[in-house]
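There are 2 protein chains.
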Amino acid sequence: MNIRIGIYGYGNLGRGVECAIRQNKDTELAAVFTRRNPESVKILTDGVPVLRAADAEKMADKIDVMILCGGSATDLPEQTPALAHRFNVIDSFDTHAKIPDHFKAVDAAAKASGKVGIISVGWDPGMFSLNRLYAGAILSDGCDYTFWGKGVSQGHSDAIRRIDGVKDAKQYTIPVPEALEAVRSGSNPELTTRQKHTRECFVVAEDNADKARIEQEIKTMPNYFSDYDTTVHFISQEELDKNHGGIPHGGFVIRSGKTGAELENTHIIEYSLKLDSNPEFTASVLIAYARAAFRLSSEGASGCKTVFDIPPAYLRAESGEYLRAHLL
Amino acid sequence: MNIRIGIYGYGNLGRGVECAIRQNKDTELAAVFTRRNPESVKILTDGVPVLRAADAEKMADKIDVMILCGGSATDLPEQTPALAHRFNVIDSFDTHAKIPDHFKAVDAAAKASGKVGIISVGWDPGMFSLNRLYAGAILSDGCDYTFWGKGVSQGHSDAIRRIDGVKDAKQYTIPVPEALEAVRSGSNPELTTRQKHTRECFVVAEDNADKARIEQEIKTMPNYFSDYDTTVHFISQEELDKNHGGIPHGGFVIRSGKTGAELENTHIIEYSLKLDSNPEFTASVLIAYARAAFRLSSEGASGCKTVFDIPPAYLRAESGEYLRAHLL
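Residue numbers (the working numbering), protein chains in the order written: chain A, -1 to 326; chain B, -1 to 326.
In short, the hints are calculated from the structure, not lab data. Every value quoted in this text rests on a predicted model; they were computed, and no experiment measured them. Don't take every hint at face value.
Result set (EDC-like, lysine to aspartate or glutamate): computed pairs, CA atoms no more than 20 Å apart in a straight line [to be verified]: (1) Lys217(A) / Glu179(A); (2) Lys148(B) / Glu179(A); (3) Lys109(A) / Glu319(B); (4) Lys272(B) / Glu176(A); (5) Lys102(A) / Glu319(B); (6) Lys148(A) / Asp122(A).
Rough simulated footprint, nothing fancy, chain B against chain A, three-plus residues with beta-carbon under 8 Å [to be verified]: (7) 17 to 31; (8) 71 to 78; (9) 91 to 99; (10) 270 to 276; (11) 302 to 311; (12) 314 to 325.
We treat Cβ as the ideally placed atom computed from N, Cα and C, and that holds for glycine.
This is chain A alone, in the form it adopts within the complex:
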């Protein structure tokens, strides 16, 4: 029998999960839940109901794992613990500083219900975190470096759009090639924020807007831009739609460390992602961990887990025997 998946929240990530389910033959879509009017939501899969988020509990016996596709700011801190009272749940909660609190809330709910919750699944947090953990376990004496991009930062694009006179905008985070090379050389450089990434902004201004003022407001915006070398390009809406319509992202996790009697040998471990679609890739990671949640739950586990707790083989549909023979 297939693993029956519920999608809770149908934006870019929810649509990505729906597509990923098609690519994983041991999973099937049971229902999509939305806070909008369900009749207004058109999904890609025939014959699957779109239901009110408030009615999720009624589907408790028809869903093996609920994948939460809301935002980390306000949706997930409420929704993941609430749904863990009735479902095995997975989310991609990505506010790094608040992960410990979120873990506690989901753990309490999932332990009370006897369900499994896996939080902060995706690529950062997620696959990048795993690579930081593995690399640090191997090279005890070393330094970690995480670079993001080239890719679209939704948060930074939103921040530009809130500026007076801006119609639309897209912001790319770009790793500085010289910083990457310095890290790869094994020299363990200390790098400032400015030395690691640059920011490139494509902005559509309102007619007659003061572009010099907009550019100045972007470049001096605290937290978002003021610590970076930022480039601003004003372009037309047509150009933005045509050339900057995608949601690519990616990045690098590099650890450089030493071994040997005199720590005379240097090793570089590098993991990188180059993603055409950030939400679709995140969705693909979510589906793999949904499989793990289902299996853990079937074995009687309960409580909150992260990617750090899941045996890698649990992400795969194949048997241990198959994996050892073909992938080890």
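Based on these hints, arrange chain B on the given structure of chain A.
Then chain B, alone, in the frame of chain A:
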């Protein structure tokens, strides 16, 4: 209390494990076992006994995890199951085709004794295998590529040394840059053996040896060289010792896959290693998994495991809470 490690076999890998123990404060070296005369073996750590391999059982209550540092051809198939009758064991068994048989033998022994065995720990098999598993779990529709090098192949260097008239030799396996770029482009190329790697040989010939004949013998050697573009350089012993004394290695595991309603988006996951010392890096992976074996054993687990079965957090000395707060 520290995890007490035994080293079984004291060559390059055993010395690497000894160095790695110094870098991991929660581990300590309990004893080194050798098939040579123990008095002839000088180790780096003061106050630690070097004992006869045959006397290992006498140390059973003084060792938490035995790390086997012998060869995969004849040592480990015998030693790992035999020692699993008395010890938690870790090895770096790397004959990929024989892993299923080795797993069975170690599993039977470890289940009978109630001990834990973790086999095929290192980088390939090991970290490369893990990356194949994770990447394939995420990108169901895709292709895997593994490249090795630039690095020294011990087996190929040995094969050259067996040729008549050869005094010494070192062979480097080198990935073809154009093949790597083609894979990174996401075009999912089909690559022949010759298209993926080249082989470069540094050979010290005996005085008056027929170099043309040696070069011909190398380039036409079945399995080892005949399927590759091979370059042969004749150099002096001094040059070999000076410029080719290290044991560097590394490589790349790349998966390229598609997602989206029409599979219109391409993603590249790449993991790479650049290692100054192959045995020291392998040893560092072994120590991390020794920590996991100890913890699993303390929890009552038994039987054979591989890197696929071990929750990542088990490789780290820090608590789950710490890892979630700092690495996730």
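Going through the numbered hints above, which ones does this structure break? Give me the numbers in ascending order.
1 and 8
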